[in-house]
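Chain order of the listed sequences is A and B. If you're matching positions, the first sequence starts at 3 in our numbering and goes up one per residue. If you're matching positions, the second sequence starts at 27 in our numbering and goes up one per residue.
Hints may be right or wrong, so weigh each one.
Stated by the list, open to error - The calculated lysine to aspartate or glutamate pairs, modelled on EDC-like cross-linking and capped at a C-alpha distance of 20 Å, are: (1) K324/A x E289/A; (2) K269/A x E253/A; (3) K249/B x D337/A; (4) K321/B x E361/A; (5) K262/B x E142/A; (6) K368/A x D303/B; (7) K262/B x D143/A; (8) K69/A x E169/A; (9) K324/A x E253/A; (10) K360/A x E200/B; (11) K262/B x E253/A; (12) K249/B x E253/A; (13) K394/A x E200/B; (14) K100/B x D337/A; (15) K249/B x D359/A; (16) K262/B x E295/A; (17) K249/B x D143/A; (18) K383/A x D337/A; (19) K249/B x D393/A; (20) K376/A x E246/B; (21) K262/B x D322/A; (22) K375/A x E246/B; (23) K262/B x D359/A; (24) K220/A x E63/A; (25) K499/A x E289/A; (26) K262/B x E63/A; (27) K262/B x D337/A; (28) K100/B x D359/A; (29) K314/A x E416/A; (30) K100/B x D386/A; (31) K314/A x D393/A.
As the list claims (entries may be wrong) - For the chain A half of the interface with chain B, some residues (derived, Cβ under 8 Å), not all of them: (32) K69; (33) L369; (34) E416.
Honestly, the hints are just simulated from the structure, not real lab data. This structure is a prediction, so every number in the text was calculated from the model and none was measured. Idealized CB from N, CA, C, for every residue including glycine.
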Amino acid sequence: MAEYILETRGITKHFPGVLANDNVEIKIRQGEIHSIIGENGAGKTTLMNIIYGLIRPDRGEIFYRGKKVEISSPSIAIRLGIGMVHQHFMLVPPFTAWENIILGKEVIKNGVLDKDSVCSELKRLMDSYGLSVPLEERVEDLSVGIRQKVELIKLLYRGAELLILDEPTALLVPQEIEELFEILDNLKKQGKTVIFISHKLKEVLRISDRITVMRRGKVVGELEREEANEETLARLMIGKTLESPQLEVYERGEEVLRLEGISLPPKLRNINLSLYKGEILGLAGIEGNGQKELLEIITGLLRPEKGRIFYKNREVQHLDPKSLRELGIGFIPEDRQTTGLILDFTVAENIILGRHDKEPYSIRGKLNLPTIKKTAVDIVKDYDIRASSVDKHVRFLSGGNQQKVILGREFYFEPEVLIASQPTRGLDIGATEMIHNLLLSARRRGMAILLYSSDLDEIMTLSDRVAVIYNGEIVGILSPREIDEATLGLYMTGVRKD
Amino acid sequence: MIRRILISILAPLLAVLLAFSVGAIVMYILGENPFYVYKILLINSVTNINGWGYVLFNATPLIFSGLAVALAFKGGLFNIGVEGQLYIGAFACAWFGITFNVHPVIGIPIGLLFAMIFGGLWGVIAGYLKARFGAHEVIITIMLNFIAMALTNYLVNNPFKEPGQINPIPQTKELFSGSIIPRVYPLFNKFGVSLSSSVPLNYTFFIAIVFCVIVWYFLERTKWGYEIKAVGLNPKASRYGGINPSHIMILVMFLSGALGGLAGVNDVMGYRYRFLDGFSRGTGFTGIAVALLGKNNPIGIVFASILFGILDRGALAMDVFTNTPRELIRVIQAIIIIFVAIGNEFIFRLLQRLERESE
Ligand SMILES: Nc1ncnc2c1ncn2[C@@H]1O[C@H](COP(=O)(O)OP(=O)(O)OP(=O)(O)O)[C@@H](O)[C@H]1O
Ligand SMILES: [Mg+2]
């Protein structure tokens, strides 16, 4: 019996213009949690898709339990015992949790779905792994953390022995991440093997037994947990170490944005908040406490039931996203694939979204293609977006590069106020550092920034002030230099309130 | 790039070949001689100038209705109502033509404009109901088809019926000469190409080609085209980008309806010179197949329309010159279309894969 449950040899995959995997060899031991890390576009997802049978490699071999296998489709992978949770979930939103779980492996009795036996089996499964989800609820009504558990149960229900999790923590809040890790430890105890992908070095060090580092399609390191620390990993990944950003302290400027008594029952109650020139105001809160609605109201996608918003003393709560943008309010939406980008548009087309009807991008209704292209090329260069050309569809960019397209677009037009929602979600450490520096230099130039992030580290290091939202109310405005993360957590969970 | 173009030409060609082979097998099974049938089909369509004249004549309204479907599709809407828009547009330009006696230099453009505006307004009903109330455009446009057919049927039977008409199918009186689009045979003959004066091909075909270019330019080079495609691909991101999806829906349905209206022009202004009740017989619906086969691309739509034109022409010839029953001709026609559609996708992907592997 082989020591390795999975081994790849010489896996190579070209996409037009990029070498996504270059002779990749990885070795996964039976029963370990193995992390794969690497910058955006390093080829992690591609490799996983190859192992799961979604993509055919140009060359290379896969060995599963010591035997050479041809994985030409996911159904073969599933039969072997390989399961994958994708970076972007693959659930059917209007179906209930149990319907999603059994999809593709339905149990039929007398020609109809045998719900009772399915649900009792699922309950047994959930008990044995210490995992539980509301089986009867529709997936669209579930939070991201629970959806993820649905995906996990789905794999276990199919008898997966090797679980591939592609950036499972990117969408989770800290408590959910800890919960996921407990589940993973549990799975490991029961003999399952896990491949874990993340950009957060802390998480990787917390959970893994071994770590493989990829860079530009190649494996550049394979470490035991004991040999690794943040510094070595960062150096392997991007060739340098990172410094945590320093917030220069100076007087903030005048008020630019003021929220007065914003209410949208039952999500938001009487929100009062001011944003000043040259400051970063952090917004902290556990998902589902109203921050999404609050940000949508500020950016004009949603109307408040009561309350007013002033931008430089002008009332703006009735304006649409377009007029707000023209006034100088930029927005980085939290969900880049559904709100931020049009995936089947090219990089260039996405970059002008929102300005496409203004000069110089369109002149009397005619698109000015050379100028559009030039702007796009500039942005791609300035923000180091890895795309073989600006005419490439955004769908084919890696997650991190997609996010950089949005950031590049918003920063290029120098808004006075920037509403940034989860701007570094899914980004590698190098790109995260770059975004942080961009936010800080924008702050220095006098931009007023409202930053929402589920990464508390990010909030604490970047913000001048932190507003905590709980249950639709602002429960405190804190200074990150006077409190620690634990105190912040107390506000976020509603234990403390000012 | 050149390879890509080659693939998109090669794939449909191979698909047509495949489809004809399948058609031959079916004919053989049904006891027909496929070689003879195909010979008749080709002799009467593509091996001589007159045949081509008929083919292009048949293709003309299909180009318009294919464009109508494709444009709506780019904006994320299914316009199943081209047939209705066609009747409304046809009646509108017929009304103009029987009412006003003007010089052709203004008569033809205004006739076209009438077809576009009324077809467009007919389309907008569905666009507005969708934008305002979320009513699904498929249901609305289907229902509007029935209304349009019944409405024009009423109009041509009652107030606009030709006085003293003997023809069993009701029709309006003839258009004044000012809104008649002339046939092309005099032009061809002048350049020494002998095209029979009985061939109904007229300048509407060239107008259709011009509209292909216009639609392409509009979609690919203007901000409105950009917005239409954006909404079609991702309404949420479009809204965030400052585009109002409701406005776009209304705009799309107007433009799509206008193209649908133009699909009625060939028959009214270019062939019969009057509105004949129920003349279209499904041109608007065939537009859906044309748009899909042409991959919603104007050039593709032209070729798909020509293919349909050939089959229609061939069907007529088979009916006249062979003993194949008319129903069977329809069956073979449909089988060929189905196999072109399947084969096109399949071969396109196959060639793409070969290309990738040879890189
Ligand atoms: N279907 C595709 N077509 C063309 N190029 C692709 C395709 N999928 C991925 N790529 C390219 O291959 C490279 C590797 O992408 P991949 O998604 O594997 O990166 P990743 O390591 O998962 O990055 P991230 O951390 O951002 O998710 C990128 O340059 C990407 O643009
Ligand atoms: Mg990835």
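Handout entry: Indices of hints not satisfied (ascending)
Key = 1, 2, 3, 4, 6, 8, 9, 10, 11, 12, 13, 14, 17, 18, 26, 30, 31, 32, 34
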